[in-house]
Amino acid sequence: MQQKVYSVGQINSYIKMMFTQDFVLNRVSISGEVSNCKYHTSGHIYFSLKDDTGTIACVMFASARKGLAFRLSDGMQVIADGSVSVYERDGKYQLYVSRMRKDGAGLLYEKFLALKQELEDMGMFSPEYKQPIPSFVRKLGVVTAPTGAAVQDIINISRRRSPGIQIILYPAKVQGDGAAESVADGIRALDSLGLDAMIVGRGGGSIEDLWAFNEEPVARAIFECQTPVISAVGHETDTTIADLVADLRAPTPSAAAELAVPDTVAIADRLLAQKAAMDRQMRSRITEYRLRLEQEQTRLNYASPIQRVREQRQRLADQEESFDRAMKQLLEARKHALALYAQKLKNGSPLEKLAQGYACVTDEAGSRVYSVGQVEAGDAIRIYVSDGCLEADVRRTEKL
Numbered sequence: 001m002q003q004k005v006y007s008v009g010q011i012n013s014y015i016k017m018m019f020t021q022d023f024v025l026n027r028v029s030i031s032g033e034v035s036n037c038k039y040h041t042s043g044h045i046y047f048s049l050k051d052d053t054g055t056i057a058c059v060m061f062a063s064a065r066k067g068l069a070f071r072l073s074d075g076m077q078v079i080a081d082g083s084v085s086v087y088e089r090d091g092k093y094q095l096y097v098s099r100m101r102k103d104g105a106g107l108l109y110e111k112f113l114a115l116k117q118e119l120e121d122m123g124m125f126s127p128e129y130k131q132p133i134p135s136f137v138r139k140l141g142v143v144t145a146p147t148g149a150a151v152q153d154i155i156n157i158s159r160r161r162s163p164g165i166q167i168i169l170y171p172a173k174v175q176g177d178g179a180a181e182s183v184a185d186g187i188r189a190l191d192s193l194g195l196d197a198m199i200v201g202r203g204g205g206s207i208e209d210l211w212a213f214n215e216e217p218v219a220r221a222i223f224e225c226q227t228p229v230i231s232a233v234g235h236e237t238d239t240t241i242a243d244l245v246a247d248l249r250a251p252t253p254s255a256a257a258e259l260a261v262p263d264t265v266a267i268a269d270r271l272l273a274q275k276a277a278m279d280r281q282m283r284s285r286i287t288e289y290r291l292r293l294e295q296e297q298t299r300l301n302y303a304s305p306i307q308r309v310r311e312q313r314q315r316l317a318d319q320e321e322s323f324d325r326a327m328k329q330l331l332e333a334r335k336h337a338l339a340l341y342a343q344k345l346k347n348g349s350p351l352e353k354l355a356q357g358y359a360c361v362t363d364e365a366g367s368r369v370y371s372v373g374q375v376e377a378g379d380a381i382r383i384y385v386s387d388g389c390l391e392a393d394v395r396r397t398e399k400l
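Residue 59 in the numbering used here sits at position 59 of the sequence shown; the count goes up by one each step and never skips.
FYI, nobody ran anything at the bench for these hints, they're computed from the structure.
A portion of the hints provided could be inaccurate.
Stated by the list, open to error - Cβ-Cβ distance ranges computed for the label pairs, FRET-style:
#1 L340 - R368: 24 to 34 angstroms
#2 L330 - R368: 39 to 49 angstroms
#3 G194 - S126: 21 to 31 angstroms
The beta-carbon is built from N, C-alpha and C at its ideal position, and this holds for glycine as well.
Could you build all of it, start to finish, from the sequences and the hints given here?
The following block contains the structure:
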């Protein structure tokens, strides 16, 4: 009987199906040390988990990284949740990670993630609720332990930067039973005093030491606080729920003091330098304007309004004299023309003709007689001469 031959792909598919049907491998949690960790440009994380007995390849896709609260690195002890399956192309099995947490955090870390997700869903981390920190803080509230390096750092740095600042300390319990309630009470108590800003925090420690700042009473007290709150919990690498709710997160208590309190000495020095620069600029501007004024005065002297009025008056007088001359010339010309017209009229006047010995003859009707054909013998006529009128009768007519 001939044995059946399978392809590589068929075998890999069969093995993958076996992994898929296995209940344990579908939901498994594996603890180990991270090695060969690589962040791909696609957003996926490729790494291995190892212990003293062996190694398993792992991949965490970009879609699952949203819930990862820390950056994965070689040597880190973690617990990875996911499913084991086969990558058919290479014929290798690997762990497909859906969630991961640092090993050792245990239930506390699980509680942290659960509360973080709950408060985020409620919008308590949203940037629109963040209040700006005032530029000049005169009254600063501090909620922290009354002893230790954190409170001393905040006080020393604040007073060095602003010697006249008023600091009000609420001595809260920051670790152990009742710490969360103590911190929340301190936030509410200081919020009623009308402060400019408030620092809430403590020095570094383990997740157990910082746990009071991961509890809901503290988160709600910070969220409801009317005073802008700066969180300063632990070291730079520590992130708590209080950091996410606060208006501003400082990596350390010392940094919180620097963020909250302006450096008045530096500001005063800067103001003095700006004043000196403004004085220099003002003196330079005054000198510039004085020189410009002198130049304008010189130009004004050359272009004096009085001088211009005088020039205009002289110009008007000259124009008036010229107008008079032109008018006289025009009148003389018109008089001469009028004399010529008068002479012409005189020469053409009937009276002038009569004075020269001519006469004007009219018939009885008063019509002028120009021709012998207009009258007959016996007709009465009138003869006008230079000094009167003659009435006569026509004795006879003779045509020339």
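How the hints compare with the structure:
no.: 1; hint: L340 - R368: 24 to 34 angstroms; result: holds, 29 angstroms
no.: 2; hint: L330 - R368: 39 to 49 angstroms; result: holds, 41 angstroms
no.: 3; hint: G194 - S126: 21 to 31 angstroms; result: holds, 26 angstroms
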